[in-house]
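Participant: Generate the whole structure from the sequences, applying the supplied hints.
The sequence shown maps to residues 317 to 666 in my numbering.
Calculated from the structure, these hints are not laboratory results.
Among these hints, one or two may not hold up.
Unchecked claim - Listed next, the in silico BS3-like pairs over lysine-lysine satisfying Cα-Cα at most 27 Å (straight line):
{"id": "1", "residue 1": "Lys-638", "residue 2": "Lys-536"}
{"id": "2", "residue 1": "Lys-432", "residue 2": "Lys-442"}
{"id": "3", "residue 1": "Lys-388", "residue 2": "Lys-461"}
{"id": "4", "residue 1": "Lys-538", "residue 2": "Lys-461"}
{"id": "5", "residue 1": "Lys-388", "residue 2": "Lys-424"}
{"id": "6", "residue 1": "Lys-538", "residue 2": "Lys-479"}
{"id": "7", "residue 1": "Lys-479", "residue 2": "Lys-464"}
{"id": "8", "residue 1": "Lys-464", "residue 2": "Lys-536"}
{"id": "9", "residue 1": "Lys-538", "residue 2": "Lys-464"}
{"id": "10", "residue 1": "Lys-442", "residue 2": "Lys-424"}
{"id": "11", "residue 1": "Lys-432", "residue 2": "Lys-479"}
{"id": "12", "residue 1": "Lys-442", "residue 2": "Lys-388"}
{"id": "13", "residue 1": "Lys-461", "residue 2": "Lys-479"}
{"id": "14", "residue 1": "Lys-388", "residue 2": "Lys-432"}
What the hints assert, rightly or not - Pair by pair, the computed Cβ-Cβ distance ranges are:
{"id": "15", "residue 1": "Trp-608", "residue 2": "Asp-639", "range": "27 to 33 Å"}
{"id": "16", "residue 1": "Asn-501", "residue 2": "Ile-598", "range": "40 to 46 Å"}
{"id": "17", "residue 1": "Ala-480", "residue 2": "Val-343", "range": "53 to 59 Å"}
{"id": "18", "residue 1": "Ala-480", "residue 2": "Leu-365", "range": "38 to 44 Å"}
{"id": "19", "residue 1": "Ile-350", "residue 2": "Ala-437", "range": "19 to 25 Å"}
Cβ atoms here follow ideal geometry from the backbone N, Cα and C, with glycine treated the same way.
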Amino acid sequence: MMNRRSTILIVDDTAELRDLLAMRVQVLGHQVEIAEDGCQALEMLESQLVDLVLLDIMMPEINGYQVLETMKADERLQHIPVIVISAIGEIDSVARCIQLGAEDYLSKPFNNVLLKARIEASLERKRLRDQEQRLFAQVEQERRKSEKLLLNILPEPAAERLKAGEQVIADSFEQTTVMFADIVNFSGLTADIPPTEVVAGLNGIFSNFDEIVRRYELQKIKTIGDAYMLAGGVPNPQPQHASLAAQAALEIMQASAVMRLGGQPFTLRIGLHSGAVIAGVIGLDRMAYDLWGMTVNIASRMEAQSEPGRIQVSQTSYELLKDGFSFETRGLQQVRGIGEMETYFLIGAR
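Facilitator: In structure tokens:
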């Protein structure tokens, strides 16, 4: 039994029947709207919200069949239940109306008890369908939120594989470039800055870096304290991984020159190295997409042993970039855990 006051549209070209139906529907506690023919009914449905339509079949110009067809073809109207009321009692007419999408059928002259039962049953079914749609919309909204959160944590290809049910997501990439950027003397700079300002400052700085990474179609891997790590060539291979990473490094260095941390200027050290990596997703409670291998270690050393305001690159990256960028030779450097390596400072694009 429906307790809510519903709006019911009565469509009939006979005034006496319209008035009789309207009176009986109002007695049931519902609001009534009246349409004198199919054309007027469709016009009203375009601009008014109704919960149920009581529809005559035989009408001039646009008959009940045509109104049904129009409603069920319109996404905005197809959810509205229709009870067909007609003097036609043949079974094929009933079947045609049901096939066109009518909720129920009553013959004229109609029985008041049947009219009440079928109106309230149709309204109850509509209420349940509407509730189902609302619940579905809520579930879909939550799904989109979860998916957005997942994409904030993982690259899209990895997220799609995870949703598809893969348990272990791991790949090898032979051609990548890894970049680390680190704020010089971060602890000293932030010693007298309130924690909220430190976090807000880092968020602003790294958000700016994120925009640069997206623009060059690279992959942000993670932040580690005041260090920022990105890679080119993962999770999708990129022939121009080194060039894109170098351009991003130059732009990040340039952008940092006008940024402030707690109101103070700061300087970056940046390091680049190219080579093979293993990439994958780890963790259950706090999943992360990460990289492993000697390439990551060397890129980190390139940053750690660079100079403030400079971008140090390895011999491997230099070979990939030398035709499109200008460099300053730094010479052999003793790289911790690696040994001697020829390194260069990236100056700019040619």
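Participant: Compare the structure with each hint and give your call.
Facilitator: How the hints compare with the structure:
no., hint, result
1, Lys-638 x Lys-536, "holds (24 Å)"
2, Lys-432 x Lys-442, "holds (15 Å)"
3, Lys-388 x Lys-461, "violated (32 Å)"
4, Lys-538 x Lys-461, "holds (21 Å)"
5, Lys-388 x Lys-424, "holds (24 Å)"
6, Lys-538 x Lys-479, "holds (21 Å)"
7, Lys-479 x Lys-464, "holds (13 Å)"
8, Lys-464 x Lys-536, "holds (16 Å)"
9, Lys-538 x Lys-464, "holds (17 Å)"
10, Lys-442 x Lys-424, "holds (24 Å)"
11, Lys-432 x Lys-479, "violated (49 Å)"
12, Lys-442 x Lys-388, "holds (15 Å)"
13, Lys-461 x Lys-479, "holds (14 Å)"
14, Lys-388 x Lys-432, "holds (24 Å)"
15, Trp-608 x Asp-639: 27 to 33 Å, "holds (30 Å)"
16, Asn-501 x Ile-598: 40 to 46 Å, "violated (31 Å)"
17, Ala-480 x Val-343: 53 to 59 Å, "holds (57 Å)"
18, Ala-480 x Leu-365: 38 to 44 Å, "holds (41 Å)"
19, Ile-350 x Ala-437: 19 to 25 Å, "holds (23 Å)"
Going through the hint list in order, the structure does not satisfy hints 3, 11, 16.
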